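> For reference, the chains in residue letters:
Protein chains: 2
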Amino acid sequence: MISENIKEFASFFDSVIERLAPSAGEKIPVIDKAMRYSLLAGGKRLRPYLMATGFEAFSNTGWEDDALVPSFATAIEMIHTYSLIHDDLPALDDDDLRRGKETSHIVFGEDIAILAGDGLLNSAFELMSIALEYAGASAGERKSVEQTVLRGVKAMAYIARSAGISGMIGGQVIDVKGQARDLSSLVSMYEKKTGALLSAALTGGAILGGASAADIRRIEEAALKTGVAFQIQDDILDVVGDESMIGKPVGSDEKRAQVTYVSLCGLEQAERDVEKLLAEAKDVLKETDGHCDRIAALIDSLSGRSY
Amino acid sequence: MISENIKEFASFFDSVIERLAPSAGEKIPVIDKAMRYSLLAGGKRLRPYLMATGFEAFSNTGWEDDALVPSFATAIEMIHTYSLIHDDLPALDDDDLRRGKETSHIVFGEDIAILAGDGLLNSAFELMSIALEYAGASAGERKSVEQTVLRGVKAMAYIARSAGISGMIGGQVIDVKGQARDLSSLVSMYEKKTGALLSAALTGGAILGGASAADIRRIEEAALKTGVAFQIQDDILDVVGDESMIGKPVGSDEKRAQVTYVSLCGLEQAERDVEKLLAEAKDVLKETDGHCDRIAALIDSLSGRSY
Numbered sequence: 002m003i004s005e006n007i008k009e010f011a012s013f014f015d016s017v018i019e020r021l022a023p024s025a026g027e028k029i030p031v032i033d034k035a036m037r038y039s040l041l042a043g044g045k046r047l048r049p050y051l052m053a054t055g056f057e058a059f060s061n062t063g064w065e066d067d068a069l070v071p072s073f074a075t076a077i078e079m080i081h082t083y084s085l086i087h088d089d090l091p092a093l094d095d096d097d098l099r100r101g102k103e104t105s106h107i108v109f110g111e112d113i114a115i116l117a118g119d120g121l122l123n124s125a126f127e128l129m130s131i132a133l134e135y136a137g138a139s140a141g142e143r144k145s146v147e148q149t150v151l152r153g154v155k156a157m158a159y160i161a162r163s164a165g166i167s168g169m170i171g172g173q174v175i176d177v178k179g180q181a182r183d184l185s186s187l188v189s190m191y192e193k194k195t196g197a198l199l200s201a202a203l204t205g206g207a208i209l210g211g212a213s214a215a216d217i218r219r220i221e222e223a224a225l226k227t228g229v230a231f232q233i234q235d236d237i238l239d240v241v242g243d244e245s246m247i248g249k250p251v252g253s254d255e256k257r258a259q260v261t262y263v264s265l266c267g268l269e270q271a272e273r274d275v276e277k278l279l280a281e282a283k284d285v286l287k288e289t290d291g292h293c294d295r296i297a298a299l300i301d302s303l304s305g306r307s308y
Numbered sequence: 002m003i004s005e006n007i008k009e010f011a012s013f014f015d016s017v018i019e020r021l022a023p024s025a026g027e028k029i030p031v032i033d034k035a036m037r038y039s040l041l042a043g044g045k046r047l048r049p050y051l052m053a054t055g056f057e058a059f060s061n062t063g064w065e066d067d068a069l070v071p072s073f074a075t076a077i078e079m080i081h082t083y084s085l086i087h088d089d090l091p092a093l094d095d096d097d098l099r100r101g102k103e104t105s106h107i108v109f110g111e112d113i114a115i116l117a118g119d120g121l122l123n124s125a126f127e128l129m130s131i132a133l134e135y136a137g138a139s140a141g142e143r144k145s146v147e148q149t150v151l152r153g154v155k156a157m158a159y160i161a162r163s164a165g166i167s168g169m170i171g172g173q174v175i176d177v178k179g180q181a182r183d184l185s186s187l188v189s190m191y192e193k194k195t196g197a198l199l200s201a202a203l204t205g206g207a208i209l210g211g212a213s214a215a216d217i218r219r220i221e222e223a224a225l226k227t228g229v230a231f232q233i234q235d236d237i238l239d240v241v242g243d244e245s246m247i248g249k250p251v252g253s254d255e256k257r258a259q260v261t262y263v264s265l266c267g268l269e270q271a272e273r274d275v276e277k278l279l280a281e282a283k284d285v286l287k288e289t290d291g292h293c294d295r296i297a298a299l300i301d302s303l304s305g306r307s308y
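In the order they appear, the protein sequences are chains A and P. Counting in this note's numbering, the first sequence runs from 2 upward without gaps. Counting in this note's numbering, the second sequence runs from 2 upward without gaps.
Honestly, the hints are just simulated from the structure, not real lab data. Just so we're clear, the structure is a prediction, and the values are computed from it rather than from any experiment. Among the hints, erroneous ones may be present.
Copies of the same chain are indistinguishable here, so a pair counts whether it falls within one copy or spans any two.
Claimed, not checked - Keeping only pairs whose Cα atoms sit at most 30 angstroms apart, straight-line, the calculated DSS-like set for lysine-lysine is:
#	residue 1	residue 2
1	K34	K287
2	K178	K102
3	K45	K155
4	K34	K102
5	K102	K283
6	K178	K283
7	K28	K155
8	K34	K277
9	K34	K283
10	K178	K8
11	K287	K277
12	K28	K277
13	K287	K178
Full structure from sequences and hints, please.
Spelled out as structure tokens, the structure:
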């Protein structure tokens, strides 16, 4: 079962995070504590899983034995976590609960929450560049420099673009400004806000695994479609979800009079469009030269998700 | 005159920023506008200047002709700028003025100020990794891959560490928590909060320029001493400065009952210690194999600074 597979991965991945997460040392324990509080708050590790499967679809090496994937996957989870901490701040979504736990600014205060977010974003790039530095220093032959460092640099650039103002942060800005008021601009916002980082994970993994330029484009397309479907599902769950499963109050979008996919076209069409997007994503995967069975299984498992 | 030299550099460097700063495109103009507002708010470009001179001390190429230095120097200025935007937020220092202009959250609101800071930090790493990606893609021979990409990866890791929780963000956390209450912990906080990013610039430049491991350590030592001196000067200027020169109200530290170098040991010792640190920094520079005359001249120009 794919969901068992992901759960197993998630519990193993927590130990990877514990090992790799940068620490400020004994003198500044509060920043470590705040970063770890959110980083280890029971995330599903969907993005690291996507990166690992994206990598293994194109590489014969297991992800955990690669010189870069463990650091890059941890970095992606750090970027995701920082975005949640800043998202929850009083000046943005003003959320007190996340995954059923108090949000960072409730526990540590707004000042430390802002700095913990900054710390996680910076640590993400710290971790990736240190992994690249080690790989570069230990690269004996030309081939290995090219394969490891050059692919790593390409993946990092892809991740940075996806997380940045043209990607996730851009989506967040559109959201904050309430600029997505029709279906097509909402979809484009979801692509940036959610799709871009899911693609950073999956496509970043494929780049590290050595996918061709054409396959990188295909993987990206599948990831963006899956990301939009995932975000529409969030809108659906906000209406029909179980509070204990989703970890936040049901109906909060409606309370905020937020424009969502469901508010624009109704529950039924939203559910149909999720299935359509997931099916299209799987079709694109079939065109690649990679072994994408596990990615397809993951997409299947998202259909009808209730968490 | 070195100060003319820096002014000339700063006005040229603004055009480098204009050319290299990532843009979110037409659909999300507010984030570009907010990022540029702070990025082009009349900074002295001290950090990019340090990176350029650090590079040229060890390389025969002019900094502006290097494949990485313009992007890396812009990235450093972006990291510096994001830290100022987040520092000024109501939950942190709650400052309305910076360099004589209204701060980001006053102009754009707190939500966009937080995201503009995130955007600048992310864009910094985006810019560095894209420069590395291009350098990697165009590197034909092994030697050039090694020299450009591997040095670049090393410099980026150094910059990331300096900007992160063991460096600048760590210093900021100590500051926020008011943990530096004696001279030695205050100096250690200044090393992190100010010295680390100045060192990221100068030492990062030296790494890109090909400095030896021993010289990298020396340049770092000089940069950290200069950074601490610079921060003590800020404390001095807060007491004796001219509001129109420093761009913020004089006496604000005292008003906040903030522990500063001056409040702990008085104006006279503070001024003596600045000179001592700057002299030590210059002594260390003399031990390197680099051409450090311009760095030394810059340090000389800082002695007795009034801005």
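> Run every hint past the structure and note whether it holds.
Status of each hint after checking the structure:
Taking the closest pair of Cα atoms, K34 and K287 never come within 30 angstroms of each other, the shortest separation being 43 angstroms inside a single copy and 42 angstroms across copies. Within a single copy, K178 and K102 get their C-alpha atoms as close as 27 angstroms, and across copies as close as 24 angstroms, so both meet the 30 angstroms cut-off. Taking the closest pair of Cα atoms, K45 and K155 come within 30 angstroms of each other only inside a single copy of the chain (26 angstroms); across copies the shortest separation is 33 angstroms, beyond that limit. When the C-alpha separation of K34 and K102 is checked against a cutoff of 30 angstroms, the pair qualifies only within one copy, where the shortest distance is 15 angstroms, while the shortest distance between copies is 35 angstroms.
Taking identical chains as interchangeable, the C-alpha atoms of K102 and K283 are never at most 30 angstroms apart, the minima being 34 angstroms within one chain and 52 angstroms between chains. With identical chains, the CA atoms of K178 and K283 are never at most 30 angstroms apart, being 33 angstroms at best within one copy and 50 angstroms at best between copies. Taking identical chains as interchangeable, the C-alpha atoms of K28 and K155 lie at most 30 angstroms apart only when they sit on different chains, with a minimum of 26 angstroms there against 35 angstroms within one chain. Proximity of K34 and K277 under a CA criterion of 30 angstroms is satisfied in neither setting, with 42 angstroms inside one chain copy and 37 angstroms between copies.
Proximity of K34 to K283 under the C-alpha cut-off of 30 angstroms is found in neither arrangement, the shortest distances being 40 angstroms within a copy and 39 angstroms between copies. When the C-alpha separation of K178 and K8 is checked against a cutoff of 30 angstroms, the pair qualifies neither within a copy, at 36 angstroms, nor between copies, at 38 angstroms. In this assembly of identical chains, K287 and K277 lie within 30 angstroms of each other by CA distance solely inside one copy; the values are 16 angstroms within and 68 angstroms between copies. For the homomeric pair K28 and K277, the shortest alpha-carbon distance between copies (27 angstroms) is at most 30 angstroms, but the shortest distance inside one copy (52 angstroms) is not.
Taking the shortest alpha-carbon separations for K287 and K178, neither the intra-copy value of 38 angstroms nor the inter-copy value of 54 angstroms comes in at or below 30 angstroms.
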